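Top to bottom, those sequences are chains A and B.
Okay, so the first sequence: first residue is 0 according to numbering that gives the first Met the number 0, each after it adds one.
Okay, so the second sequence: first residue is 0 according to numbering that gives the first Met the number 0, each after it adds one.
A portion of the hints provided could be inaccurate.
Taking lysine-lysine pairs in the DSSO-like style, the calculated list, with each CA pair at most 27 Å apart, reads [what the hints assert, rightly or not]:
1) B/Lys403 to A/Lys694
2) B/Lys438 to A/Lys679
3) A/Lys668 to A/Lys723
4) A/Lys663 to B/Lys430
5) A/Lys45 to B/Lys499
6) B/Lys468 to B/Lys125
7) A/Lys670 to B/Lys438
8) B/Lys498 to A/Lys45
9) B/Lys431 to A/Lys668
10) B/Lys438 to A/Lys668
11) B/Lys431 to A/Lys670
12) A/Lys500 to B/Lys2
13) A/Lys305 to A/Lys242
14) B/Lys498 to A/Lys694
15) B/Lys431 to A/Lys694
16) A/Lys316 to A/Lys305
17) B/Lys430 to A/Lys668
18) A/Lys500 to B/Lys13
19) A/Lys316 to A/Lys371
20) B/Lys190 to B/Lys355
21) A/Lys214 to A/Lys242
22) A/Lys120 to B/Lys498
23) B/Lys220 to A/Lys670
24) B/Lys430 to A/Lys679
25) B/Lys438 to B/Lys516
26) B/Lys468 to A/Lys500
27) B/Lys310 to B/Lys187
28) B/Lys306 to B/Lys274
29) A/Lys663 to A/Lys723
These are computed hints drawn from the structure, not numbers from a lab.
As the structure is a prediction and not an experimental result, all values here were calculated from the model.
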Amino acid sequence: MTPDHEHIIQTVEQIIAKRGTSADAAIPILQDIQQVFNYLPDEALKHVCAITEISPSRISGISTFYSQFRHQPAGKHIIRVCTGTACHVKGATRVYDAIARELKLTDGQVTDTDGLFTLEKVACLGCCTLAPVIKIDETTYGHILPEKVGEVMQEFLSKNQHDNHKGKQVLASDAEIMGEIRIGLGSCCVASGSEEVKQELEKILAQTRINVHVKQVGCVGVCNQVPVMEIIKPGHEPAFYAKIKPEEVREVVLSHFQPSGLFNKLKTKFVGSFEKAVVADEPKSFRKYLLEQRDTPISEFLGPQKTIASENRGVVKPCDITEYLAGGGFTALRKCLGEFTQQQVVDEISMSGLRGRGGAGFPTGRKWQMVKDQPDNEKYVICNGDEGDPGAFMDRMLLESYPFRVIEGMLIAGYATGATQGIFYIRAEYPLAVKRINEALQICRENGLVGNSILNSGFSFDIRIFEGAGAFVCGEETALIASIEGERGIPRMRPPYPAVKGLWGKPTLVNNTETFSLVSWIFRHGAEAFANIGTSGSKGTKVFALAGKVNRGGLIEVPMGITLRQIVEEIGGGIANNRKFKAVQIGGPSGGCIPASMYDLPVDFEELSKVGAMMGSGGLIVLDDTDCMVDIAHYFLSFTQDQSCGRCTFCRVGTTRMLQLLDKIRSGKGKPEDITHLEKLAISTQQGSLCGLGKTAPNPVLSTLRYFREEYEAHIQGNCPSGKCMPLITYSITDECIGCTKCAQRCPSDAIAFKPYEIHTIDMEKCIKCDICRQVCPVDAVKVG
Amino acid sequence: MLKITIDNQTTEVKPGTTVLQAAAALGIEIPAMCYREGHSCHPSCMVCLVKDADRGNFFTSCAMPVAEGMNITATSDEVAAMRREALELLLSDHVGDCEAPCTLTCPASMDIPLMNRLIAKGEFDKSLEIVREQIALPLILGYICPAPCEKACRRKPIDGAVSICLLKRFTAIDASRRNSNLIADVVKTGKKIAIIGTGPAGLSAAFYLLRTGHNCTLFDKNELAGGAMRYNIPEEKLPREMLDAEIDGIRVMGAVYKMNHPITSEIFENDIIPKFDAVILATGNREYQPVEEFGLAGGTDHDFADKKTYKTLRPGVFACGNMIRESEMAVRASAQGRMAATEVGIYLGTHPSVKKFQFNSSFGHLSKPEQEEYLKESIPGKPIEPEGGFIAGFNEQQAIAEAKRCMHCDCRKPASCKLRMYADQYGVNRKKHLGPERKPLSKSIHHNLIVYEPEKCIRCGLCVEISGKEESLGLTYIGRGFDVRISVPFNETVAEALKKTAEACVIACPTGSMAFKNQEERI
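Model the full assembly from the supplied sequences, consistent with the hints where possible.
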């Protein structure tokens with residue numbers, strides 16, 4: 000259905016009235032238009048050109064550059080399949096294919112014929128520990144199996160219908176506060192159902208009149224145990240409940256608190272008896288841990304960590320400024336403004352040894368110095384929150400959970416460099432982060448922490464938010480700047496560096512979110528304290544998104560110099576399902592694979608680049624012996640190839656040709672010379688590309704070639720040793736088959752004939768290798784070979 | 000002033016000078032395609048890469064400002080290899096032919112599409128001129144050539160190849176046009192060349208030697224000139240009046256035919272070698288005349304003469320035609336005669352060696368939808384049948400109609416395309432990075448001045464910038480990554496997009512992607 004002319008014109012004019020008519024407003028204008036129509040009608044774009052300074056060339060260029068923008072109407076609901084690394088290794092491709100089959104989508108089609116669902120791939124939803132993950136509109140579903148996608152969609156539709164009948168929740172408030180219950184509301188927690196847990200909790204508290212303070216805290220980090228609920232009761236040890244379900248909330252709450260009033264006690268008992276009668280017994284599915292207790296998965300997970308960027312994890316409410324102030328918030332800013340000259344602030348950062356956490360590890364102090372040394376009156380500070388790596392969600396967590404900390408870091412940077420304007424560049428895929436930062440900025444403005452003469456110091460600095468529109472390359476600082484200027488996110492040649500000539504040609508400091516998050520700690524504890532953590536070249540801590548084949552994934556912050564073994568074995572609890580550790584993929588699409596033989600490698604900028612990987616922004620995916628390294632290389636390269644801006648020859652064409660070679664090898668059609676050809680092309684792409692994206696895109700290929708060359712050679716021989724590469728594997732059914740027909744019923748391609756009580760067979764001509772038969776087989780009779 | 004060393008030469012430049020400009024000032028040529036003086040520099044093609052000799056990294060010299068003390072390598076095998084790689088990557092995604100398949104198939108590399116276009120426009124004199132740049136005997140070959148070009152013609156699978164052979168004959172059918180004074184302006188060299196044999200190779204060599212100012216004497220053991228064309232091909236296939244007419248044309252140009260004049264070893268050593276400045280042997284299949292008679296080692300191999308330079312082991316003695324490579328095709332022997340004549344001129348020092356493009360981009364077959372794109376430049380319909388049959392040939396009207404069937408498969412910028420020029424210079428292997436499938440091509444021909452072929456584009460963006468300054472619509476980038484292309488906003492036409500700047504875009508375009516519709520670079 001096409002929206003009518005009048006509606007389009009009116010909408011566009013309202014948007015322009017709000018966003019202005021200058022050329023750099025193009026991206027926000029397009030975002031607003033899409034918000035209304037679900038896509039960008041040509042008519043709307045033409046009208047924008049007619050009444051603003053935005054040219055047809057610019058609007059076409061940018062609206063086709065950023066993947067957020069759609070030029071065709073979308074279905075009523077959008078299904079986003081996460082194709083992040085963790086999801087990939089857990090079968091996201093098959094989930095995508097299964098949904099496409101369910102929606103009966105044919106080649107190139109993304110919306111079903113009824114216009115109900117549009118299917119999209121998304122680089123990363125940042126819920127790596129729940130992989131594979133899909134998101135339908137605003138609801139996230141984790142641990143999706145291809146055979147269950149139909150059910151999930153049904154569930155979504157039925158729930159969607161009932162959504163409007165939600166009851167209003169009443170909270171008890173008049174009695175004495177009996178304690179505090181904390182619920183994590185980071186994106187992972189929400190995806191795993193913490194919102195439902197919270198609703199249930201509020202309902203129960205209202206019914207029982209138990210008067211406790213319910214507090215929503217940011218990301219707790221133990222994403223592998225979500226949803227989590229922590230109960231604080233004066234005089235008692237805090238109790239930590241992991242993987243809790245809404246129906247279990249009642250028992251947990253009642254095991255800690257007494258309902259007030261006799262009637263309520265009876266009623267509660269009565270209602271409760273319909274569920275699980277005995278309150279004293281622990282329900283089986285969730286786990287309760289006392290935080291002080293040793294040897295629990297929670298204490299092991301948190302033990303080796305060191306929290307600086309994520310200080311007070313799971314304790315503070317993200318947008319509560321009183322709490323932030325109580326924890327020493329803004330004392331660093333006060334100190335800088337009151338006691339330090341600009342140069343002293345820069346020196347302190349230099350002395351701390353802090354290096355940029357965005358990936359390349361450029362010394363932060365030196366960058367600040369460069370910007371400070373520019374004579375211009377107008378300078379900018381940009382917080383790079385365009386975290387686009389598949390398998391990384393550190394920035395999202397920091398922005399969602401510690402907005403004030405990031406703001407404080409930016410303010411200090413602004414003061415030190417002499418800037419007057421700050422900009423948060425945040426991915427549009429992170430709506431919660433945008434919301435929290437907005438809220439926090441508003442609070443800061445009200446409290447004189449952002450704006451004119453901050454804390455009456457005479458230092459003025461304002462901060463605004465710019466929402467990215469979906470382009471990984473915009474993580475590159477010059478592309479990011481182009482994007483803010485309302486252009487296609489094409490990297491620019493350096494020099495001149497942004498520190499000299501950046502946004503609008505003015506000196507610009509671009510730092511990663513995590514870098515800013517570390518700043519206030521440095522001033523509260525001193526540069527020396529920070530420099531005492533870590534190795535000689537890499538100071539402080541690093542936040543990683545630990546995911547993949549570990550028992551306990553999650554967001555972790557570890558001191559630099561910690562070994563991979565410690566991360567995987569101690570924090571991650573070793574490899575899941577008794578498989579064998581094979582490699583760690585670190586640094587995302589710019590990084591590399593580090594083999595098991597280097598398990599004791601310390602995490603440090605130099606050490607990582609020496610072995611062909613890099614720190615990257617912090618994705619850390621653990622791979623086991625069922626993971627194919629050719630497939631991993633292909634996965635990452637297909638990501639960067641897709642995200643290439645297309646400007647320079649090596650990246651645009653080189654990554655494409657490399658990917659095609661990998662495709663050929665992966666499907667068993669490769670020749671021995673293809674491996675050397677691939678390697679040579681990877682090296683020239685590394686050397687010849689213009690920006691960091693192209694220069695590092697070959698890393699996953701080169702590092703797997705370096706450590707797992709024999710796997711490439713095996714593929715040339717027509718064999719995928721890990722049984723991962725679809726063209727090289729076959730499915731078969733063993734004699735253990737009991738003839739239950741489940742596989743035959745579920746097979747989407749009629750490759751298994753329906754033969755009750757007989758041993759089934761698979762017709763490989765018809766088999767599409769969707770893996771559903773193996774998943775549904777009750778006796779493990781389906782083998783992959 | 001800033002000091003910079005490039006290829007071990009040190010110079011001083013003003014701040015703001017780029018490495019490319021500094022190199023140019025030192026006389027070091029660096030290739031560049033996306034860079035254009037007076038335009039904003041935003042590197043994309045990557046063929047101007049140089050190496051920072053101190054740090055070891057590569058960068059684009061067009062956009063890099065000189066910094067004090069830079070030490071740059073602009074000329075080395077390693078740098079050349081990187082540039083070659085960039086060119087090879089660009090070519091792997093370049094769907095276009097430099098020369099049309101017919102030209103590439105023609106043993107004489109005749110510029111067939113250009114001949115066709117000139118005939119179609121009624122410019123018959125010019126069309127003959129173009130033919131004769133490669134073919135000395137268009138009239139004879141217009142009867143007897145097996146026309147491999149027609150087998151390669153892109154029109155063939157659609158509704159039949161263009162009748163190239165007949166069109167070629169048509170260009171030469173008119174005696175006055177054919178015999179218009181071909182050597183009027185030629186400066187005489189005073190050199191005397193002997194040609195042994197009057198078959199297609201010998202006659203062709205004579206034609207081109209005469210056109211370059213040499214004196215020519217042709218020797219043949221037979222009574223009449225023409226070699227195998229006269230003695231092996233029946234009259235019904237090649238009317239003798241036509242054969243005689245073209246042989247006589249060469250006599251009119253100044254050739255001396257010495258017929259009934261077999262060359263023995265003795266005559267060769269005593270009467271030929273001492274009296275001529277150079278000799279071209281064109282005696283046909285060696286069963287007729289063994290090469291030992293010319294003091295050359297024989298044997299079964301044809302290795303007594305170089306296949307590229309036509310030089311034999313004896314200085315000043317050249318060999319061409321069927322003696323060095325047996326072939327049924329007179330056009331091949333004729334082509335060799337021309338090339339041997341060129342080599343003689345170089346040998347005698349009267350004519351410098353002219354470098355020609357060796358490189359050709361070529362993409363193979365057209366898909367069905369692509370055929371439609373190509374047909375846009377042509378007229379519909381099957382080949383015209385000559386009314387009086389093959390021997391009678393085309394009249395003017397028929398020739399024009401048939402020539403209009405040509406689809407203009409050749410590039411419009413064969414001489415000025417930088418991609419071709421550098422590909423040639425760097426000796427690229429265009430197939431090195433070919434992907435599993437190529438992009439579908441299209442031609443946008445509705446602008447009255449220019450033709451835009453998106454798949455020949457290297458995405459430098461010069462046209463986007465140029466049109467962006469003056470046009471209300473202009474051009475834009477669509478998409479990103481490998482699929483990025485230059486197109487018109489809102490699916491409008493190129494004619495709508497480029498109302499003022501079409502000419503400037505064509506001039507700036509480094510490849511044949513944007514070209515003038517009706518301008519021939521090779522006339």
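### Hint numbers not upheld by this structure, sorted from lowest to highest
1, 6, 14, 19, 22, 23
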